[in-house]
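Peer 1: Sequence:
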Amino acid sequence: MASDEEIMEVEDSNGGSYGSKDQRLKDRKKKVAQTKEMLSKQAVKIAKQAEEHESFINKVTHLLGVLGFGGFCFILGARPQDVRYLYCLFYVIFVPLRWIYYRYKKWHYYLLDFCYYANTIFLIMLLFYPRNEKLFMVCFSFAEGPLAWALIVWRCSLVFNSMDKIVSVFVHILPGLVFFTIRWWDPVFFEAMHLDGNAHRGSWPDAETKSYLWTWLFFVPLVAYVFWQLLYFLIVNVLRGQRLLRDPEVMTSYRELSKKAQKANNLWWRLSGLLGDQNRLFMYILLQAMFTVATTALTVPIFLCYELHVTFQLLKVSATIWNGGNFLLEVMPRQVILKQKRKTEMGPVVVET
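Quick note on the UniProt record's numbering: the sequence shown kicks off at 1 and runs consecutively.
Do not rely on the hints blindly, as some may be mistaken.
DSSO-like mimics (lysine-lysine), calculated; alpha carbons at most 30 Å apart, straight line [to be verified]:
| hint | residue 1 | residue 2 |
| --- | --- | --- |
| 1 | 341 | 259 |
| 2 | 341 | 59 |
| 3 | 106 | 341 |
| 4 | 259 | 105 |
| 5 | 339 | 106 |
| 6 | 29 | 106 |
| 7 | 260 | 341 |
| 8 | 259 | 165 |
| 9 | 105 | 260 |
| 10 | 106 | 30 |
| 11 | 260 | 339 |
| 12 | 210 | 59 |
| 13 | 106 | 31 |
| 14 | 106 | 165 |
| 15 | 339 | 105 |
| 16 | 259 | 106 |
| 17 | 339 | 263 |
| 18 | 105 | 165 |
| 19 | 105 | 30 |
| 20 | 210 | 134 |
| 21 | 165 | 339 |
| 22 | 341 | 263 |
| 23 | 26 | 106 |
Okay, the calculated beta carbon distance ranges per label pair [stated by the list, open to error]:
| hint | residue 1 | residue 2 | range |
| --- | --- | --- | --- |
| 24 | 277 | 210 | 40 to 48 Å |
| 25 | 237 | 155 | 24 to 32 Å |
| 26 | 287 | 213 | 21 to 29 Å |
| 27 | 27 | 129 | 35 to 43 Å |
| 28 | 60 | 233 | 38 to 46 Å |
These are calculated hints, taken from the structure and not from any lab test.
Built from N, CA and C at the ideal position, the CB exists for glycine as well.
Full structure from sequences and hints, please.
Peer 2: Following this line, the structure appears as structure tokens:
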């Protein structure tokens, strides 16, 4: 039998090992927290520096925005097969930059919205599974369904001197253009339109039956949407719920829409209050789900008809340009006057020597 001293030594060694593991875990958590804090501080610093040079940045943004839009239109006509690569490049560059700006503004929970969830799936499909027909149809449904109609319903504006508005428009409109080119124009996919060396299809992918079409353009996308909604509710309303309650300046889509709807006392505010103020969040989720179901169903005729799909692209682009004109001529002048008024009320800054 082992002596008491040997037993004590084993217990000490086990305790020491457990203690060292706990310490390493604490150190790792501390490093992660420090890294997150450092990144957040850097994001705030960059955003503040950008605000100090807002006028110059807006001029540069306008120049690059107009040139970039013209270049994109040229590539869309000359080399439609390359449009998807432009989209991927745009997403990996500008969405992280948007996180930096939104982190400073306390808007970073917007990046958990459905449009970013869908765009992430688009990126995975285009880079890793470009010839997967079923995944393509799910992505097509997202792009020409909820994302495309959100562009119109929420009045996204194409304003070339605002990087934030350019990114918002492109996040919603570019995926639809990408999948339009793949569906109808992309010569790279023309090889997939020949079956057994003889039969010819006019587009890719080919809808085998109506049930196949509705399964991958309607039912499967809705399942993916429900998964996002559950994940979003878990993160924002459960795991981060107390954080949102402590800081009313932190914005989410629900907070922003509720604030605007209440101020305008519009149809959305009245509909969301049908079950009482305490159930507005539930009504918001329900209304969003109804919107998603309706717009997802509309992708089926768009998928089948080239002429209808072309018309829809023109509608989306026209809507964003029209909204951009309204913003420049009606909203922006009021914003400039308000900024000047605030500067006048603040008065000159006196520096004591």
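Peer 1: Are the hints correct? Go through all of them and say.
Peer 2: Taking the hints in turn, this is what the structure says about them:
1. For the hint pairing residue 341 with residue 259, the CA-to-CA distance comes to about 24 Å; that is within 30 Å, so the pair holds.
2. The hinted pair formed by residue 341 and residue 59 meets the criterion: a straight-line CA distance of about 22 Å does not exceed 30 Å.
3. This hinted pair checks out: residue 106 and residue 341 have alpha carbons roughly 25 Å apart, not beyond 30 Å.
4. Pair hint residue 259 plus residue 105 holds up; C-alpha atoms about 16 Å apart against a cutoff of 30 Å.
5. A threshold of 30 Å between alpha carbons decides the hint, and for residue 339 with residue 106 the separation of about 21 Å falls inside it, so the pair holds.
6. Taken as a hint, the residue 29 and residue 106 pair is honoured in the structure, with Cα atoms around 24 Å apart against an allowance of 30 Å.
7. A distance of roughly 23 Å separates the Cα atoms of residue 260 and residue 341; the hinted pair therefore holds under the 30 Å criterion.
8. A threshold of 30 Å between alpha carbons decides the hint, and for residue 259 with residue 165 the separation of about 20 Å falls inside it, so the pair holds.
9. For the proposed pair residue 105 and residue 260, the alpha carbon gap of about 17 Å is at most 30 Å, so the pair holds.
10. Restraint check for residue 106 and residue 30: the C-alpha separation of about 23 Å stays at or below 30 Å, so the hint holds.
11. Among the hinted pairs, residue 260 with residue 339 is consistent with the structure: their alpha-carbon atoms are about 20 Å apart, no more than 30 Å.
12. Distance restraint check for residue 210 and residue 59: the Cα-Cα separation of roughly 50 Å exceeds the 30 Å cut-off, and the hinted pair is therefore not satisfied.
13. Restraint check for residue 106 and residue 31: satisfied, since their Cα atoms lie roughly 23 Å apart, inside the 30 Å limit.
14. Restraint check for residue 106 and residue 165: satisfied, since their Cα atoms lie roughly 17 Å apart, inside the 30 Å limit.
15. Taking the CA atoms of residue 339 and residue 105, the gap is about 17 Å. The hint holds against a cut of 30 Å.
16. Restraint check for residue 259 and residue 106: the C-alpha separation of about 16 Å stays at or below 30 Å, so the hint holds.
17. A hinted pair counts as satisfied when its Cα atoms are at most 30 Å apart, and residue 339 with residue 263 qualifies at roughly 21 Å.
18. Between residue 105 and residue 165 the alpha-carbon distance is near 15 Å, which keeps this suggested pair within the 30 Å criterion.
19. A hinted pair counts as satisfied when its Cα atoms are at most 30 Å apart, and residue 105 with residue 30 qualifies at roughly 25 Å.
20. Taken as a hint, the residue 210 and residue 134 pair is honoured in the structure, with Cα atoms around 14 Å apart against an allowance of 30 Å.
21. A C-alpha spacing of about 19 Å is found between residue 165 and residue 339, which places the hinted pair at or below 30 Å, so the restraint holds.
22. About 22 Å separates the Cα atoms of residue 341 and residue 263, which keeps this hinted pair within 30 Å; it holds.
23. At roughly 28 Å between alpha-carbon atoms, residue 26 and residue 106 fall within 30 Å of each other, so this suggested pair holds.
24. Look at residue 277 against residue 210: about 44 Å separates their beta carbons, and that is inside 40 to 48 Å.
25. Distance hint for residue 237 and residue 155: a CB-CB separation of about 26 Å, consistent with the stated range 24 to 32 Å.
26. Restraint check, residue 287 to residue 213: a C-beta distance of roughly 27 Å satisfies the suggested window 21 to 29 Å.
27. For residue 27 and residue 129, the hinted distance range of 35 to 43 Å is satisfied, since their beta carbons lie about 39 Å from each other.
28. Checked against the hint of 38 to 46 Å, the pair residue 60 and residue 233 passes, with Cβ atoms roughly 39 Å apart.
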